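Using the sequences and the accompanying hints, generate a full structural model.
Residue-level listing of the chains:
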Amino acid sequence: MPYVIPEVVDVKQRKTDIGPPHYKNFLPPVIQKNYGDWKTHEILSPGLMVHIANSGDKIWTVRVASPRLLSTDTLREIAEIAEKYCDGYLRFTTRNNIEFLVSDESKVKPLMDELAAKKYMIGGIGSRVSNIVHTQGWIHCHSAAVDASALVKVIMDEFADYFTTKETPNKVRFAVACCTNMCGAVHCSDIAYVGIHRKLPRIEHENFKNLCELPTTMASCPTAAITPDPAKKSIKINADKCMYCGNCFSVCPALPIADPENDGVAIVVGGKVGNLRKPPMFSKLAVAYLPNNPPRWPEVVKATRKIFDAYVAGAKKHERVGEWIERIGWEKFFAVTGLPFTFQHIDDWTYAFKTFRTTTQMKWTK
Amino acid sequence: MTKKYETPLLDELEKGPFPSFVTEMKKAAAKNPMAADELGLLEKSFRDKVTYWKHGGIVGVRGYGGGVIGRYSQLADQFPGVAHFHTVRVNQVAGLFYTSETIKFLCDLWDKYGSGLTNFHGSTGDIILLGTVTENLEPLATILSMNGFDLGGSGSAMRTPSCCVGPARCEWSMIDTLDITYDLTQEFQDELHRPQFPYKFKIKTVGCPVDCNASIARADLSIIGTWKGPIAIDQDKVKDYAKKGMNIQEEIVNMCPGKCITWDGNSLNINNADCLHCMHCITKLAGALKPTPPFGAVILIGAKAPFVIGATLSWVIVPFMEMKPPYQELKDLIRNMWDWWNEYGKNRERIGELIIRRGMREFLEVCGLEPTPEMVREPRNDPFWFWKEEDLEKKPWEEFLK
Chain B
1 MPYVIPEVVD VKQRKTDIGP PHYKNFLPPV IQKNYGDWKT HEILSPGLMV
51 HIANSGDKIW TVRVASPRLL STDTLREIAE IAEKYCDGYL RFTTRNNIEF
101 LVSDESKVKP LMDELAAKKY MIGGIGSRVS NIVHTQGWIH CHSAAVDASA
151 LVKVIMDEFA DYFTTKETPN KVRFAVACCT NMCGAVHCSD IAYVGIHRKL
201 PRIEHENFKN LCELPTTMAS CPTAAITPDP AKKSIKINAD KCMYCGNCFS
251 VCPALPIADP ENDGVAIVVG GKVGNLRKPP MFSKLAVAYL PNNPPRWPEV
301 VKATRKIFDA YVAGAKKHER VGEWIERIGW EKFFAVTGLP FTFQHIDDWT
351 YAFKTFRTTT QMKWTK
Chain W
367 MTKKYETPLL DELEKGPFPS FVTEMKKAAA KNPMAADELG LLEKSFRDKV
417 TYWKHGGIVG VRGYGGGVIG RYSQLADQFP GVAHFHTVRV NQVAGLFYTS
467 ETIKFLCDLW DKYGSGLTNF HGSTGDIILL GTVTENLEPL ATILSMNGFD
517 LGGSGSAMRT PSCCVGPARC EWSMIDTLDI TYDLTQEFQD ELHRPQFPYK
567 FKIKTVGCPV DCNASIARAD LSIIGTWKGP IAIDQDKVKD YAKKGMNIQE
617 EIVNMCPGKC ITWDGNSLNI NNADCLHCMH CITKLAGALK PTPPFGAVIL
667 IGAKAPFVIG ATLSWVIVPF MEMKPPYQEL KDLIRNMWDW WNEYGKNRER
717 IGELIIRRGM REFLEVCGLE PTPEMVREPR NDPFWFWKEE DLEKKPWEEF
767 LK
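Protein chains in written order, with this note's numbering: chain B, 1 to 366; chain W, 367 to 768.
The hints are simulated quantities; they were obtained by calculation from the structure and are not laboratory data. Values in this document were obtained by computation on a predicted structure and should not be read as measured data. What you were told as hints is all true, and nothing was included just to trick you.
Under 7 angstroms between C-beta atoms, here's a sample of chain W residues computed to sit facing chain B: (1) Lys393; (2) Cys473; (3) Asn513; (4) Asp577.
Capping the alpha-carbon separation at 25 angstroms, the derived lysine-lysine pairs in BS3-like fashion look like this: (5) W:Lys566 x W:Lys420; (6) W:Lys712 x B:Lys233; (7) B:Lys236 x B:Lys209; (8) W:Lys625 x B:Lys317; (9) B:Lys171 x W:Lys656; (10) W:Lys397 x B:Lys119; (11) B:Lys363 x B:Lys278; (12) B:Lys316 x W:Lys609; (13) B:Lys118 x W:Lys397; (14) W:Lys381 x W:Lys393.
The C-beta atom is built at its ideal place from N, Cα and C for all residues, glycine as well.
Next up, the structure:
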């Protein structure tokens with residue numbers, strides 16, 4: 001379809017509610033022909049797989065990492081590469097990887113050579129680290145307690161060889177959420193980072209009455225810590241109940257909570273979304289707080305290394321992080337990773353009692 | 367010429383093998399003053415360890431209540447290029463397929479009307495165009511529309527539906543995830559573009575229980591492909607896996623959650639009646655095992671991130687639904703639950719939270735669904751439950767004790 005960008009735009013002529021274009025227009029001919037009729041696939045190398053149709057037709061996929069934040073320059077470069085080797089066909093994965101879709105086997109190697117020469121990171125397919133789903137962070141969000149893209153960058157740099165070559169017992173899915181709003185599946189990832197606050201929101205009483213709605217603000221609080229302050233036409237926050245989630249700030253700009261000295265990163269582990277073997281699992285708290293230390297958050301990288309290496313050393317083949325921890329037990333997880341277990345690890349919210357150990361079954365680690 | 371900022375902290379993030387978002391920002395900054403100020407602002411955030419964005423403001427395009435997120439910097443005086451830096455959500459193509467022509471068109475458009483910075487893609491699935499000013503929104507939306515594209519969802523609306531790669535390039539997809547996504551997106555254009563719900567509503571469709579789009583964790587309505595037929599076995603291919611070094615007993619038999627597989631070194635046997643349909647054996651023995659029809663979907667409800675009651679995973683409301691176009695049963699179900707949620711939901715209450723507040727019975731009755739054991743992990747373990755007048759008149763024991 002030829003695209004047009006006119007010099008003069010008559011905005012009154014806009015058609016509404018047309019929805020997205022039909023996907024069929026974007027599928028390579030070999031996919032159109034074999035749609036829904038694939039037989040199997042093989043992973044030929046960490047960044048290359050081939051799908052084989054019942055007809056015998058094949059399509060090769062070359063996967064490279066992207067930082068998700070892409071300039072139009074880079075996008076054009078990607079488009080040029082796709083034109084050269086893939087008749088222009090490419091796709092993205094839900095984890096922000098770029099996939100070049102090659103219909104002609106003879107073009108696979110030249111494509112991979114050019115990608116390597118241009119320093120694209122090829123890999124991410126199979127039992128290894130894939131790219132990291134993440135949120136906007138300081139680049140574009142008002143409630144970010146930590147930057148997201150930077151954490152992705154430093155973690156992927158640290159574990160790059162597990163994207164490009166080495167294998168892990170099963171997939172390791174990292175995720176980053178820059179605040180507890182968690183735009184992204186952080187709560188169900190193998191190893192995930194969430195930006196947290198550790199002090200109360202600051203109430204700007206003068207602004208509250210102009211900017212905020214009392215019922216909405218009160219309703220936003222998961223622990224009912226917010227009550228009216230009629231004299232000030234504002235609110236009070238019960239310091240004993242507030243757990244610094246920042247949801248009140250989301251609905252009321254007069255309750256800023258960002259704090260350069262006390263904000264930071266928590267690490268949660270053992271979640272997954274797939275139904276393979278065990279049902280989907282939530283991630284659980286491993287490290288309650290590490291400081292915001294830009295630009296490369298060395299404490300976060302080091303703590304992750306402890307968890308990651310213990311998993312690679314201890315897990316059976318096909319066990320995800322959460323399955324490994326469940327098998328060895330949480331007491332052993334803290335022992336083998338050397339991470340401290342603290343008051344913050346014991347739940348004290350709504351369903352806390354469901355996480356208390358109501359059995360004498362346990363392992364001795366000391 | 368665009369303004370040049372010293373960025374010693376961000377420069378550290380251009381080192382290392384993973385592609386650098388800082389390099390991307392610098393590329394855009396070299397030719398776009400908005401992107402240049404965005405880079406300068408981010409360096410300041412890294413220095414001060416705090417974000418400098420204000421809450422979203424209300425901006426949009428004529429006729430729509432969403433699709434654009436207003437965004438303003440707190441430091442407009444210092445960084446005038448990001449005084450207004452709105453996000454435009456463009457409804458992605460199902461399955462995230464593109465042609466190079468399309469990518470180039472989006473680039474040309476965004477270089478003309480925005481910062482030159484993008485996200486491929488946002489968490490919900492949209493193409494994210496990052497950073498523009500209010501007066502560019504109408505021409506942008508108009509040109510997108512002229513070329514067959516439309517805006518995605520934002521606010522208390524149905525959000526842009528998304529899916530896995532599905533039957534386009536996966537042998538395990540048991541439903542047409544791309545078609546379902548396209549069809550639902552077209553069906554509910556009004557609900558997508560004009561927020562009319564208590565809060566957001568996300569729909570994600572995946573072709574099998576592997577769930578490559580995190581549907582069960584991230585969608586209010588999760589549509590997950592599954593099967594009812596036996597697992598077909600190619601014994602020769604299974605033996606090939608064994609020959610190549612796979613320990614079938616350890617890796618397949620022992621890891622089956624249904625404990626329904628046996629292997630005698632020569633042939634693999636599956637007791638399909640005990641299969642939990644988890645996909646472990648099928649994915650590990652790719653090409654040797656495959657699910658067989660009937661194919662359909664498990665429909666689940668209620669997943670969300672932690673606010674306000676805690677994170678939830680979607681739970682089963684329809685154990686098996688046939689998924690044939692025009693998906694009328696599914697559309698009727700969705701409309702029924704929306705009507706109920708609109709009636710009873712509080713401001714910022716997700717549908718899952720409303721179900722927890724008012725009970726599954728009410729929800730199931732509204733949807734015309736009968737209770738089944740597949741909906742729960744286990745029956746309740748407390749002795750407190752409700753009876754309705756109509757329940758008291760029924761004598762089911764006369765039937766089940768016959």
